[in-house]
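Since the structure of chain A is already known, use the hints to place chain B on it.
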Amino acid sequence: MIDIVPPAFIFIFGAFLLPFLRGRLLRQTVQLIVPLIAFVDLLYMHHGTYWVYNFLGYDLILGRVDKLSMVFGYVFVIVAFLGMVYALHIKEYGQHVAAFLYIGSTLGVTFAGDFFTLFVFWEIMAVSSVFLIWYRREKPALDAGFRYILVHIFGGCVLLAGIIIYITNTGDNYFNAIEYGGLGSKLILLGFIINAAVPPFHAWLSDAYPEGTVTGSVFMTAFTTKSAVYVLLRGFAGVEILVWLGAIMAIYGVVYAVLENDIRRLLAYHIISQVGYMVCGVGLGSEIAINGASAHAFSHILYKALLFMGAGAVIYVTGKRKMTELQGRNLYKKMPITLSLYMIGAFSISAVPLFNGFISKTMVVAATGELHRPIIHLLLHLASIGTFLHTGLKLPYGTWFGKAKGEIDINEEELEAKEPPMNMLVAMAMAALLCIVTGVYPKVLYDLLPYPVYFHPYTPQHVLSMIQLLLLTAAAFWLYIDKLGGEPTISVDTDWFYRKPGVLILWVCSHPLQDIRLRLQQAFTAGVTKIAALSKNPVLLPEIIVRNIQLKVYTILYHNSEPPEDKLKKINELKYKLNVLKEISYKENIYRRPIGAGVLLAIVFLFLYGLIYFIKMD
Amino acid sequence: MSRRLKYLFFICIGLSIVASFFITHEKVHFWWEKIPAFDALFGFIGCIVIVVGSKALGHKWLQKDEDYYD
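Chains A and B, in that order, are what the protein sequence lines are. Reading the first sequence from the start, the letters are residues 2 to 619 in this note's numbering. Reading the second sequence from the start, the letters are residues 1181 to 1250 in this note's numbering.
Extracted from the complex, chain A is given alone in its bound form (with noise of 0.2 Å):
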């Protein structure tokens, strides 16, 4: 039998395969194969630790794998596969490199077993990702691509101070269970929350993601978060603070989400608002809560794939990306298949019984029950609402039906839209069958979890209360209906913080900075040719200084006074002496001594070195 390879590393290799294959057929034949093998080799996989190499005295573990690994493992190769079909058609071979860099680097990260493979990792997934932003190719998206790569490499220095302090602490590298309390366990939490997108460090998220091509965001929505989410199960579980951020953070998403009307970002918000569950489950740090987040991570992965699967359909063939300009437009009528396939994912994150959704948030639902925690409990609750609210009501309908705003006339174009193509729908397809199966037969997820799982999530009450909760909020939407369309506008979050401020800080350079830049260069450069004007004659040099040092004490002495006769003189004198020094040049014949000087010198400095080496000798 042939060896098995770390999973990242096939990746890897596809990406730098990819660039010399010829002809459209064996590209798209690699780009769907690579998958493939990587999912081959997982079912290889056995628990241990395989790869380990040393490294200046450290061990370096490229594939520590056990349960939790590999659930993320497989979910993270099943939404490779499903990207690659939604991005079969796109010819330009540079975005399936980084998107296969992206996903490669991201397995690496799940199944390291030390601190640095998982940095060298963690850097790679921030840089290859930044490119599925930049390919999009128009300026905001450049712009938004700089804000996301900065954002990233500082959460990297942050995880790297944070590394180095922890690994002086304790004198290892294995990356297990991290005590929290040190700075550098601080460190440590800090980069990865960074990458979670846990508010106030989540703006990079709802800023670049909706900013990607539509094939490559597909990919972000899976790997930066769900990655920052193993790396935080694996390393604090049971932190108290996570607890309340991931609880916030469900919350902080959805009131952004009300607020949004780029379809995409809205879905972004999303994202914050589920990856809280996981957080808060990580911080719960309960058999239960570990499962749940798990769990939900790998349901999150699959819809989420496939609702911006749906968002970036729409954004593909129409090239609008807001509800104001999309509402009112029919575009159900043209595009039923993409509909149905969206509103699966929709009902999959808002946790509708015999969707996948429902089997993993209720989990992390139940942790708090068991855990007694009744406001964390509620928060939970409350963001269900809003993610119901708004992925499975209010941005279907805004985007597909809808009534148009006064601003756009129905009249004035007819949109143009058809479903987009084929490989973008078996893409949806398969994301929405996988959805809907783990959903009602949750055993294949939770065998895969890992701890043992004792959760029935099909127990009529659960059922019973996720229907009331629900119906309701759509009874609520109903309400509101007229106001809750979107809105022309966007919303300033935690980006302002560095993008406002940005423009200050330009602003101090180009102005004040470079004023006193320039002074000093002024200044400098003044010095520098009255030095270069004394250097002219070095030997006269001393005594230049020392005419000069006479006149201005001279000058100091009878500033307010007129001087007497003979030391006017003397002064005129000083004066005349000085300029006629100046003006003498270096005539190297004039100034020589007889060779005799060096020799002596010579001997004298033999002499005493001599000297030296014989008193040390004693």
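No wet-lab data here; the hints were simulated from the structure. None of the values given here were measured: they were computed from a predicted structure. Each residue gets a CB set at the ideal place from its N, CA and C atoms; glycine is no exception. Hints are supplied without guarantee of correctness; some may be wrong.
Per label pair, the in silico range of CB-to-CB distance [claimed, not checked]:
id, chain 1, residue 1, chain 2, residue 2, range
1, A, 60, B, 1202, 31 to 39 Å
2, B, 1202, A, 155, 51 to 59 Å
3, B, 1240, A, 45, 53 to 61 Å
4, B, 1201, A, 177, 47 to 55 Å
Showing chain B alone in chain A's frame:
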């Protein structure tokens, strides 16, 4: 929305609320879980709170023109 769909919707809500009087929690963790149809109430009020609260926050503070950052 057609009339029939509207009625169906109301019937569903009614049925779910009636059903909650017959189905009890296996394990009660919080006091409000004993109240029948609590989730329906919470869903309705919660949704209104989210919409009104967020919109107020948005209009008063967060929402800006689309060229705000340009």
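Verification of the supplied hints:
no., hint, in the structure
1, 60/A - 1202/B: 31 to 39 Å, "violated, 60 Å"
2, 1202/B - 155/A: 51 to 59 Å, "holds, 55 Å"
3, 1240/B - 45/A: 53 to 61 Å, "holds, 58 Å"
4, 1201/B - 177/A: 47 to 55 Å, "holds, 50 Å"
Hint check: a violation occurs at hint 1 only; the rest are consistent with the structure.
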